[in-house]
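Participant: Next come the chains, spelled out residue by residue.
There are 4 protein chains.
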Amino acid sequence: MIPLHLFCTLRNIAKGWRHRVICSAINFKARDCQYVRCCSTASGLGPFKTMEEILKRTVAPLPTYEMRDKSPPPPESSSVEFMHFYKGLEKEEKMDFLDKLSQDFGVDHKGVSELAGKVAETQLRDLATVLQVEDRLRYSLTPRYRQLLSHISRVEGGVKFLVDLRADVIEIISSKASESPHIRDLNGTLKGLLSEWFSVGLLRLERITWQSPCEILQKISQYEAVHPVRNWTDIKRRVGPYRRCYAFTHASMPGEPLVVLHVALTEDISNNIQAIVREFATLDSEEDVNKINSAVFYSISSTQAGLQGVELGNYLIKRVVRKLQGEFPHLSQFSSLSPIPGFCAWLQGLLGPQRKEGRGAGLLTEQEWREVEEATGARDTAADALRRLLAGGEWVRSERLARALEPALMRLCAWYLYGEKRRGYALNPVANFHLQNGATMWRLNWQADTSPRGVAGSCGVMVNYRYFLQETSANSAAYLQTKAVAASDQILGLVSQFQKNSKL
Amino acid sequence: MIPLHLFCTLRNIAKGWRHRVICSAINFKARDCQYVRCCSTASGLGPFKTMEEILKRTVAPLPTYEMRDKSPPPPESSSVEFMHFYKGLEKEEKMDFLDKLSQDFGVDHKGVSELAGKVAETQLRDLATVLQVEDRLRYSLTPRYRQLLSHISRVEGGVKFLVDLRADVIEIISSKASESPHIRDLNGTLKGLLSEWFSVGLLRLERITWQSPCEILQKISQYEAVHPVRNWTDIKRRVGPYRRCYAFTHASMPGEPLVVLHVALTEDISNNIQAIVREFATLDSEEDVNKINSAVFYSISSTQAGLQGVELGNYLIKRVVRKLQGEFPHLSQFSSLSPIPGFCAWLQGLLGPQRKEGRGAGLLTEQEWREVEEATGARDTAADALRRLLAGGEWVRSERLARALEPALMRLCAWYLYGEKRRGYALNPVANFHLQNGATMWRLNWQADTSPRGVAGSCGVMVNYRYFLQETSANSAAYLQTKAVAASDQILGLVSQFQKNSKL
Amino acid sequence: MIPLHLFCTLRNIAKGWRHRVICSAINFKARDCQYVRCCSTASGLGPFKTMEEILKRTVAPLPTYEMRDKSPPPPESSSVEFMHFYKGLEKEEKMDFLDKLSQDFGVDHKGVSELAGKVAETQLRDLATVLQVEDRLRYSLTPRYRQLLSHISRVEGGVKFLVDLRADVIEIISSKASESPHIRDLNGTLKGLLSEWFSVGLLRLERITWQSPCEILQKISQYEAVHPVRNWTDIKRRVGPYRRCYAFTHASMPGEPLVVLHVALTEDISNNIQAIVREFATLDSEEDVNKINSAVFYSISSTQAGLQGVELGNYLIKRVVRKLQGEFPHLSQFSSLSPIPGFCAWLQGLLGPQRKEGRGAGLLTEQEWREVEEATGARDTAADALRRLLAGGEWVRSERLARALEPALMRLCAWYLYGEKRRGYALNPVANFHLQNGATMWRLNWQADTSPRGVAGSCGVMVNYRYFLQETSANSAAYLQTKAVAASDQILGLVSQFQKNSKL
Amino acid sequence: MIPLHLFCTLRNIAKGWRHRVICSAINFKARDCQYVRCCSTASGLGPFKTMEEILKRTVAPLPTYEMRDKSPPPPESSSVEFMHFYKGLEKEEKMDFLDKLSQDFGVDHKGVSELAGKVAETQLRDLATVLQVEDRLRYSLTPRYRQLLSHISRVEGGVKFLVDLRADVIEIISSKASESPHIRDLNGTLKGLLSEWFSVGLLRLERITWQSPCEILQKISQYEAVHPVRNWTDIKRRVGPYRRCYAFTHASMPGEPLVVLHVALTEDISNNIQAIVREFATLDSEEDVNKINSAVFYSISSTQAGLQGVELGNYLIKRVVRKLQGEFPHLSQFSSLSPIPGFCAWLQGLLGPQRKEGRGAGLLTEQEWREVEEATGARDTAADALRRLLAGGEWVRSERLARALEPALMRLCAWYLYGEKRRGYALNPVANFHLQNGATMWRLNWQADTSPRGVAGSCGVMVNYRYFLQETSANSAAYLQTKAVAASDQILGLVSQFQKNSKL
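Residue numbers (full-length UniProt numbering), protein chains in the order written: chain A, 1 to 504; chain B, 1 to 504; chain C, 1 to 504; chain D, 1 to 504.
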């Protein structure tokens, strides 16, 4: 499978790069050898190639509208060359490369403008002409690189390459590393393609068990971001009795779970995560269906940064609900048990600079501030004391402190989830995910995650987003279109308590 | 899986339809029951629905550009309703329905025109604005029904439904049943979507053997259009020793071969099809690798009319070549053994009305005409005699006649394949297919298919399109772009003989 | 897999065989080549070998009792040589070979006798000695060839070879072709070994569907002996909705169903076979579980003659019952619908020579005889008329004749099944099989199989052997140990009617 | 799957057991419930049962010779009852139970003796009679419990139960816990049955990879006794590139590897184990077939104590050799790299009590003793010093000591392996295993296993038993029959050096 090949690159001088020859050893399949030999000798510069050369050679021009169905696919070696070249680049080089690709091999703006002019004029003429000019316009809006991306998807490992490429693109955009507006076009094109290839109809729902290949289970363990897997007994339990683990996989990326959902099958909707991920008793027992009334989604992880915005998690939850209903017809309650990442940080923010202006004071009632002072023997202000308490996390082991803080933290947390927004939608990303899916913000749970991570991130509070199956569809539409949040009386009660006190 | 449901439709009166209640029994999955009950009562008209109602309800409006990522997917029941309604329609109703869908739920031309005007104006301004307006324009060119089609693909059986829907659309277009230009837009949209979903990266190459499921083998038998399968011994032989049968399948259409390639593994490139499909000797023998030097593609069939224009056959041949090279490293010759459908009809056409003007006379040399006359004892003109001969087909069993006709028919056939064009490309569809793939028109074979079908269709002649692997890429580009046909000396010799004689 | 090899044998002159060189082409695996070369040259006679030589070389002597765990397994080539040699023999040669094997390579009678003497004497001594001598005796009763058979089972294809070998042995015994008493010992040894290897714990229950490999379905069709499969639509229906087809397979004989059970899932216990095997309506319908109350076993076939006496059918029925109960918890009735092979022949026997002595006269009542005479316009005796009627089979299409014959034939058939015995057990082999399994002889069905085969074999009558699951265990023991037949009132009533009339 | 059931037992008073009710919770499948209810009420004593009762009920009497084929199998519930009862017993109870089973339900000695008498007498009569009486005698030598064991094998989990039962029997015998000679008969019967069920023809060779189910890999890790697996990276490497891991599995014990072989694919026959099990470099590399010339079996483990004496390891090695030859046709060297358990202990034994008589002195040459003294600065005798050195194990890290000890330890080790015997066969069990398989004692490797375990067990020495494929068959026979050990010149040279010095 694997002769080695030295792949060499003369860096682009115009971009101010230092002369340097990068030699990267790349695994080549035997069948590629021929190509390598070809392109080495065909190139005027011998084996050295600049980015421009590579791009020119591999990104074929867009055929004319008339010839669009008459163009043979480029040789597979173009795709392979592009992929190998890109993989061999270092991080900043990749940015340059993507900049160049998106800018110089995108849409022909002049052509678009001309056709657009025509379309704007033709609206009065007959419909057939309108439709035809529209179609030409549509075609002219295709970036030149789109074809290449499409061809890459056909090469072995190509789809995975494009997913990773988009992850790079997203990083460039979010880190604002590039000022080029073209990179967003590239992102849009990639997202469009990936959305079709990762359409739910093409995904496979797999149940992961202790019988699944070790390779998959190792990945599931590594990807678990919500409640880290500590060892193999831990992962064995998460795929054992009273637990379900499902993943979407894709024919083009075998053995690679794309999004993973962990479910606990319980008598009641869980209010505590340790009971789920630490409880050893279940390991060898047999499931008693009579004890299974609720399905608690306690972890959902996307594994591919490059599939951002390609909706998978939502569909996975729906498929799993249906699967579980098939297996347990009497199963009646579906809910998440979710962390509240960012709650503590948000709270600390309020306690910080604001305290002087007394604004933070409104966070707790007078009575509550007093209790904090007493419990901590605070010599400085209560807000400082509280801030230190929360930063430390030991308060959770003091029954007195915990009792004292409970009403305030629950109230504040409810507000954080329900009231804090970003462009009108829930600020908290987990809340936003489940609300988009049509879930109801159902129950805040005190001391639900007393792990250091849980205490530091969300003061030990967790929340259930409950899926009332009859309502998710309407909830989802309402949230997305009118930004309305479905919430239970408990949540709304806490929010209203908060509003009474707060000066926020 | 299948409670029954009565699904009722009030036909559209405005379109002049007779009042009639169509009750079609449709299989419903248990989980759909709820939906059916809902929509029956929700609708003001009770269970009766017009096409317009169905379309309005199921084809959601296109979200605004700003809201395009904020729209929840429509409920799955919309897709299911659309599918069930459509399946229950009769043929003409389907046409009306597709007309309406493509016309009333397509692109918003006014919106496009406005945006196009903006694009035409913005070309002078900054690039970021240009890109953004272009993106809006691109989005506005999306037909409203595209979303629905995309959602249908996610429902169980949805992809197959869309493939079949496109087959209907293609039939409407090719039969010119509809005058609407919109139907072509619908076709284009469907083709675009199907091309992504049936991208080669998502297809699975399956070798079909006698161990494959009966269901698949039965389908392979039914789909075999080139050399019909007569019985199960026949199909057993075609998947047995010295034979290979490969198919592309797709995750969304399990158990359904999309395109099927039959290969014979031979010592030399076959010049006769009966030796391949009738030879019983191979059935129980073991393959002797030393006798395998050539792979002869003797049949390739596409099974899904709705995937017309989605390139599969080309890729299948390439994948199979690679697979066979892996299995037989010394395999050196790849070639088709192809029928020449249309040759006889074309020849008869030349012999018919033209004969009076003596034009047909140029088809044969004086000497040849004489031989025909002698051999047939023709009382009327030789052209009439020849026409009757060819129509009858018995000539093939007369050694004398066969010998007399060989030079002329070979010459004419070479010309038919090489010289007759349609829009510049080979008129013969099989030739066009292999030339697009980059094959070389290599060898005409006399009396290569003496079955009635072979004699009636192509005067018993068959042709090898040979795949010289080093050249296919260049050949394909040359053919598609400059219409140049790669042909062997044998072919070119015959063509030149023809040109000397012919007055065509 | 298999270059060819010429395998030559000098026939045994002493046995009066003609000098002849038998060259039989045998499939050899590539890896065997070396061995063949070895044994060809090692042998003093070159490639020619007599039976004796082969046997001497391949059937190793039984190690002494002390060395029994210290003997290395013979080289695999011994087993392969034995197998190839045997397969190359013609039928009579096989008989000679098996005679020789069983006689000359069996038990060492002298050794046994000596040890037996010791055992007979040692009964007074200490237990440990007794046990040890018994163990020696047990060991000495092992035929020398047993080891070889055991080793053959380890070679690829070895188990199947032994199954077929036993089929040959059984044929020799049942055809009384050999007078040697040793062949029975060989049979017993083979049966013992096969019983362990085909122990139910090692069998795999497979459901056969239209998705199963073509190879299996073709075999299932070929093996179906009870109601022959006519074509592929026929077999498709027998594995389609409302039908089940199960088989036992074995790891050592992959793709080879050992015993096959066909089941119809019906509302009531079927009384007619055509309704099951000819009804086309079911082919594409979906099963409605509410219509499934009964499981009717309408065909059970053993496929391996060599597994005679190794109980498989009984266990298959039990496993299938359990499987079906799992799938259809409310399934309440289990029954066969069985043919009555031999009934007509038995009846004809009674009508033949006996009629003169008037003995056959008792078969029908006076009234019945009269009706036969009238209906047939018989010129000779009524018994002759009846005999001709039954031989012809057309009576079944005459309503009058059928009505006239029904009471008599039902009565006689009940007696044939219930009263006719062989060594105390039911003479009819199907009856014997189901009674051994613990079924109840439940219902005779008039005109249940009106196919020519059914009319000719059992006058169109079929019988249900019903499995009352609570009783099968007790029934089975009672039948096997006391020969008691469990029968329904219908059967017993018919039998008692018969007894009133008959002089049998 | 899992209602619970209380299973109660009244202990046997006669055996002096205390009255006690053992209640053990046993998992019952739903389908067993009925049986449990039955047997609870059917029993006169209610749910309490003594061992005798259980045995009487579950171990059916042996049918008479005439009825041997006429006995229905006992109800499955007998087997289930026996299994559950046995599993619920505590260790000593199990011994009592097995004693009772083997003693009271074994062979009918009186019957045997009578038949044996007949056999001894009949030798003069005709052959048919002889054979028949022999067959009766053979049948009479069947222990009554054999039938039960056979039936247990058909119940789900039955085969695994019998494997574990035999492990108990073996433990009783080897610990001499029982004085009963009958237990050996039970062992023999079990071994005979298991040998047939675990015949190599029924085993499946599985390659274990990182794609194998986690359950299997976890078991492989646990079972690895030779070079313990430390973590999951460790096991991943042992199934990764340049490594092979094969196991035999059995249809009746799915997911349970019976015997596991680890192979390293190397350029030369390895002389060091750390290079194999610790080398991380290989983990992600691709195998280069050109670097693979040798297959080194570096670990073979049997996992089922109850399959002792059922030859599996030998066959596994042969099958793997064939498999590897198929994959790497040029692979030319096959060898083990084996530990030498017991070598250190044996050596310490020689250095201990014997030293006074100066006998141990002969172990080293004068020169060597001196070097030990110098190196250790020994104040007491050199033998004591050496003993302490070896016990400590630190010597291995002193270059000087290691150099000083090498000649002596190599010489002694060669003798230990080659010369020390038990009943004529190699004392060292690993040596005995490979010599039985026909391997050659090929090379001693100094400092081949420097792990604490390796140094403590075999002074860091390891040995290659090499498989010369042309010779294994002859070697095996020679070893087993004449106890001749095939050894290389290196080994023989060391042995002869030893003999020159030693006074052993």
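Simulated from the structure, these hints should not be mistaken for lab results.
Please note: incorrect hints may appear among the correct ones.
Any copy will do: because identical chains look the same in the list, a pair fits if it lies in one copy or spans two.
[Said to hold, decoys possible] Here are the simulated lysine-lysine pairs, DSSO-like style, with alpha carbons at most 30 Å apart: (1) K56 - K318; (2) K318 - K87; (3) K500 - K110; (4) K56 - K236; (5) K323 - K160; (6) K323 - K110; (7) K236 - K219; (8) K219 - K421; (9) K219 - K483; (10) K176 - K100; (11) K483 - K191; (12) K118 - K87; (13) K91 - K323; (14) K500 - K94.
A quick note: this is a predicted structure, and the numbers were derived from the prediction, not measured.
Participant: Now, for every hint given, state plainly whether the structure supports it.
Facilitator: The hints, checked one at a time:
1. With identical chains, the CA atoms of K56 and K318 are at most 30 Å apart between copies only, with a shortest distance of 25 Å across copies and 45 Å within one.
2. Within a single copy, K318 and K87 get their C-alpha atoms only as close as 36 Å, which misses the 30 Å cut-off; across copies the closest is 26 Å, which meets it.
3. Taking the shortest alpha-carbon separations for K500 and K110, neither the intra-copy value of 59 Å nor the inter-copy value of 51 Å comes in at or below 30 Å.
4. Taking the closest pair of Cα atoms, K56 and K236 never come within 30 Å of each other, the shortest separation being 51 Å inside a single copy and 43 Å across copies.
5. Within a single copy, K323 and K160 get their C-alpha atoms as close as 28 Å, and across copies as close as 22 Å, so both meet the 30 Å cut-off.
6. Taking the closest pair of Cα atoms, K323 and K110 never come within 30 Å of each other, the shortest separation being 52 Å inside a single copy and 45 Å across copies.
7. In this assembly of identical chains, K236 and K219 lie within 30 Å of each other by CA distance both inside one copy and across copies; the values are 13 Å within and 13 Å between.
8. Taking the closest pair of Cα atoms, K219 and K421 never come within 30 Å of each other, the shortest separation being 34 Å inside a single copy and 51 Å across copies.
9. For the homomeric pair K219 and K483, neither the shortest alpha-carbon distance inside one copy (36 Å) nor that between copies (51 Å) is at most 30 Å.
10. Taking identical chains as interchangeable, the C-alpha atoms of K176 and K100 lie at most 30 Å apart only when both belong to the same chain, with a minimum of 16 Å there against 46 Å between chains.
11. For the homomeric pair K483 and K191, the shortest alpha-carbon distance inside one copy (25 Å) is at most 30 Å, but the shortest distance between copies (36 Å) is not.
12. Within a single copy, K118 and K87 get their C-alpha atoms no closer than 42 Å, and across copies no closer than 40 Å, so neither meets the 30 Å cut-off.
13. When the C-alpha separation of K91 and K323 is checked against a cutoff of 30 Å, the pair qualifies neither within a copy, at 42 Å, nor between copies, at 36 Å.
14. Taking the shortest alpha-carbon separations for K500 and K94, neither the intra-copy value of 53 Å nor the inter-copy value of 61 Å comes in at or below 30 Å.
Going through the hint list in order, the structure does not satisfy hints 3, 4, 6, 8, 9, 12, 13, 14.
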